[in-house]
Amino acid sequence: MSAQSGARAPSRRELLRMIGLTAGGAAMYQAMDALGFAAQSPYRGPVNLQGAPRGASVLVLGSGMAGMTSAYELRNAGYRVRVLEYNPRPGGRNWSLRGGDVYTELGGATQHCRFDEGLYLNPGPWRIPYHHRGLLSYCKRFGVALEPFFQVNYNAYLHSSRAFGGRPRRFREIKADYQGQVAELLAKATQQSALDVSVSKEDQEKLLESLRVWGALDTSYAYRGSVLTSSRRGYDHNPGGGLSGRPVPSQPIGLAELLDSQLWQGIASGDDFDMQTSLFEPVGGMGRIGEAFGRELGPLIHYNAKVLSIHQDSRGVSVVYEDRRAPGSNRQTAWAEWCVCTIPLPILAEIPMNVGAPLRAAIGAVPYASAIKVGLQFKRRFWEEDEEIYGGITYTDLPITNIGYPNTGYQSAGKGVLLGAYIWGLNAMEFTAMPPEERVRKTVEYGARIHEQYHEEFDNGIAVAWHRSPFTMGCFGMWSPQSRARHYEDLCRIDGRIVLAGEHCSYLNGWQEGAVTSALDAIGRLHRLAVSGGEKA
Amino acid sequence: MTAARKPRAPLGAISASLLALLAAGAAGADDATFTSTRALGVTAGAQIYGHICQGCHMPQGSGAVGAGYYPKLAGDASLASWRFVVLTIVGGRNDMPPFGLSPEAANMIRAVHLSDAQIADVANYIETHFGNHFPHKVTAAEVAALRRAEHID
Numbered sequence: 001m002s003a004q005s006g007a008r009a010p011s012r013r014e015l016l017r018m019i020g021l022t023a024g025g026a027a028m029y030q031a032m033d034a035l036g037f038a039a040q041s042p043y044r045g046p047v048n049l050q051g052a053p054r055g056a057s058v059l060v061l062g063s064g065m066a067g068m069t070s071a072y073e074l075r076n077a078g079y080r081v082r083v084l085e086y087n088p089r090p091g092g093r094n095w096s097l098r099g100g101d102v103y104t105e106l107g108g109a110t111q112h113c114r115f116d117e118g119l120y121l122n123p124g125p126w127r128i129p130y131h132h133r134g135l136l137s138y139c140k141r142f143g144v145a146l147e148p149f150f151q152v153n154y155n156a157y158l159h160s161s162r163a164f165g166g167r168p169r170r171f172r173e174i175k176a177d178y179q180g181q182v183a184e185l186l187a188k189a190t191q192q193s194a195l196d197v198s199v200s201k202e203d204q205e206k207l208l209e210s211l212r213v214w215g216a217l218d219t220s221y222a223y224r225g226s227v228l229t230s231s232r233r234g235y236d237h238n239p240g241g242g243l244s245g246r247p248v249p250s251q252p253i254g255l256a257e258l259l260d261s262q263l264w265q266g267i268a269s270g271d272d273f274d275m276q277t278s279l280f281e282p283v284g285g286m287g288r289i290g291e292a293f294g295r296e297l298g299p300l301i302h303y304n305a306k307v308l309s310i311h312q313d314s315r316g317v318s319v320v321y322e323d324r325r326a327p328g329s330n331r332q333t334a335w336a337e338w339c340v341c342t343i344p345l346p347i348l349a350e351i352p353m354n355v356g357a358p359l360r361a362a363i364g365a366v367p368y369a370s371a372i373k374v375g376l377q378f379k380r381r382f383w384e385e386d387e388e389i390y391g392g393i394t395y396t397d398l399p400i401t402n403i404g405y406p407n408t409g410y411q412s413a414g415k416g417v418l419l420g421a422y423i424w425g426l427n428a429m430e431f432t433a434m435p436p437e438e439r440v441r442k443t444v445e446y447g448a449r450i451h452e453q454y455h456e457e458f459d460n461g462i463a464v465a466w467h468r469s470p471f472t473m474g475c476f477g478m479w480s481p482q483s484r485a486r487h488y489e490d491l492c493r494i495d496g497r498i499v500l501a502g503e504h505c506s507y508l509n510g511w512q513e514g515a516v517t518s519a520l521d522a523i524g525r526l527h528r529l530a531v532s533g534g535e536k537a
Numbered sequence: 001m002t003a004a005r006k007p008r009a010p011l012g013a014i015s016a017s018l019l020a021l022l023a024a025g026a027a028g029a030d031d032a033t034f035t036s037t038r039a040l041g042v043t044a045g046a047q048i049y050g051h052i053c054q055g056c057h058m059p060q061g062s063g064a065v066g067a068g069y070y071p072k073l074a075g076d077a078s079l080a081s082w083r084f085v086v087l088t089i090v091g092g093r094n095d096m097p098p099f100g101l102s103p104e105a106a107n108m109i110r111a112v113h114l115s116d117a118q119i120a121d122v123a124n125y126i127e128t129h130f131g132n133h134f135p136h137k138v139t140a141a142e143v144a145a146l147r148r149a150e151h152i153d
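For the record, the sequence lines run as chains A and B.
Going by our numbering, the first sequence opens with residue 1, and the numbers climb by one from there.
Going by our numbering, the second sequence opens with residue 1, and the numbers climb by one from there.
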């Protein structure tokens with residue numbers, strides 16, 4: 001690379017970076033970063049809350065990840081802690097639906113989960129990136145066993161209803177062919193002196209060599225059907241032993257067809273910081289974390305408590321609640337000197353609470369995302385038996401968007417549960433608007449276009465639409481750059497004796513790590529205030 | 001949703017937002033890098049209500065109660081103000097996402113864009129169903145004027 005080639009020419013590093021990232025991936029990452037989505041967890045080890053005032057009390061509202069992190073740490077620091085929870089279980093959105101569970105959504109539709117023993121759906125979070133150290137540290141402390149979560153499975157599918165006659169292609173085929181075709185194109189451009197302005201002669205040699213390795217090009221810098229390219233994209237007949245073991249190479253997809261298919265959009269699915277290997281899931285379902293927290297806190301959590309009002313004065317915070325199973329019959333009041341409120345904003349916005357205008361405005365400024373997850377039980381694990389798909393995700397342009405394969409229990413006999421759909425945006429709203437049984441029916445109908453075994457093997461299903469969730473009324477808080485600039489700090493700041501926590505009070509929206517780190521941040525500030533005698537925030 | 005594969009009307013504003021969604025890529029804990037759903041042909045108020053609004057406000061506008069509540073649209077006195085109804089749809093309210101953002105801005109927060117005409121249509125539908133009989137017929141121009149007055153675009 002040379003300075004004389006002009007100020008606007010890309011540097012070698014920039015050039016290689018352009019090669020390494022699809023335009024979609026790069027643009028996407030920048031957009032995400034601007035929104036704070038790709039921010040790294042600020043977790044810096046266990047929180048230190050020394051010197052809690054003798055007898056000081058904290059009321060925690062909500063027993064999701066933020067509420068239970070707060071309660072656990074404050075209790076350990078010597079505070080008298082009590083938790084009020086709407087659901088009859090701990091965890092909030094940290095939740096697994098298993099056989100025998102009953103779920104009633106807003107509007108009254110009730111679903112009975114009929115999965116076999118050991119099978120489950122995680123309606124909320126389902127993966128934990130390695131850098132979510134706060135959440136992982138609690139898993140370690142509570143002995144929650146983890147196993148790998150596969151974001152990328154080279155043998156899962158990329159599918160477009162408008163390409164390749166609607167037949168899915170393997171991820172490895174699309175990735176190898178896109179990479180190989182781009183490498184060949186760039187090698188050609190280099191050899192035809194098209195890059196002379198940007199790249200020095202010496203670097204062109206190095207570039208050609210790197211393209212050959214990166215793209216599986218042959219010695220003439222061509223990407224063509226061969227044992228070499230098949231070692232990336234897969235063979236028509238796999239290598240084996242003996243007389244029948246001779247490999248038969250496969251033929252690459254041409255560049256024009258590849259670009260036209262749009263399937264390249266799926267290549268970067270594991271490249272985002274949040275999706276990079278390693279990722280984890282708790283053995284037995286994500287809900288194991290909430291259950292472990294619940295065991296730690298035991299009788300401190302008061303279940304089935306629906307909060308009706310929150311009132312603070314100069315000495316403490318009073319919260320009126322009732323048993324949600326008997327509305328209006330037995331109102332009670334809980335009191336503490338301080339309050340950590342993790343109630344999701346859609347619900348908090350409707351609860352009378354005397355806080356300042358800035359916090360009130362912030363609570364009303366964050367709409368919640370619409371999302372759907374559908375779990376489908378099948379009579380056998382046909383994706384493994386017939387298609388050699390062990391864990392990971394298939395992406396499709398059909399409304400179901402994703403098919404998630406279980407990252408556990410490989411090759412086991414009996415039934416299996418797939419994540420049949422994981423949908424956002426308009427299609428999620430539309431699925432929400434349907435009765436649960438129709439959501440399941442549509443999910444099976446669409447999925448059968450990718451796995452025809454659906455027709456024969458479908459057993460039963462369950463569908464969770466997050467805007468119908470009685471305990472959140474949405475999936476997670478959606479901040480825009482404008483609303484974050486205007487309201488985020490007001491939402492997080494202590495108001496008198498009340499502080500909010502949860503994924504909505506974070507730059508990791510929709511991630512459990514956002515809830516955990518927001519709780520640690522909030523209780524750290526609350527603790528300092530309590531220690532200082534409540535004189536200053 | 002049943003009409004997903006057979007659009008009942010020419011591609012409207014929703015299809016534009018879907019195209020934007022296609023380009024959006026991952027956000028939050030979602031990795032839907034591959035969303036490219038088809039236009040659904042929802043253009044009239046009744047269809048928009050049935051495809052979108054009833055997810056929360058329920059098929060008969062009855063609302064719902066859990067830890068919080070979705071307001072019922074049947075017999076809500078605040079619906080007497082058509083401006084309140086239109087502003088709520090355009091700008092959102094609490095949990096409810098805004099539907100009056102431009103396709104690009106809607107896409108940024110994973111919301112859905114509806115055109116001024118669609119918003120007028122669905123407002124008129126709500127104002128004349130579920131036992132409501134409010135006489136004013138909202139026009140797309142009135143929606144646009146309110147939207148601009150509130151700097152929503």
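Derived from the structure by calculation, the hints contain no laboratory data.
Bear in mind that the values here come from a model prediction, so they are computed numbers and not experimental data.
Even for Gly, the Cβ is constructed at its ideal location relative to N, Cα and C.
Please note: incorrect hints may appear among the correct ones.
[To be verified] Over 10 Å on every C-beta distance to chain B, these chain A residues come out as not near it, computed from the model:
1. 107
2. 147
3. 306
4. 333
5. 465
6. 468
7. 494
[Said to hold, decoys possible] Selected chain B positions facing chain A (Cβ under 8 Å, derived; list incomplete):
8. 58
9. 69
10. 72
11. 74
12. 75
13. 112
14. 125
15. 129
16. 131
17. 152
**Q.** Hints breached by this structure
**A.** Going through the list in order, the structure violates hints 1, 3, 5, 6, 10, 11, 12, 14, 15, 16 and 17 and respects the others.
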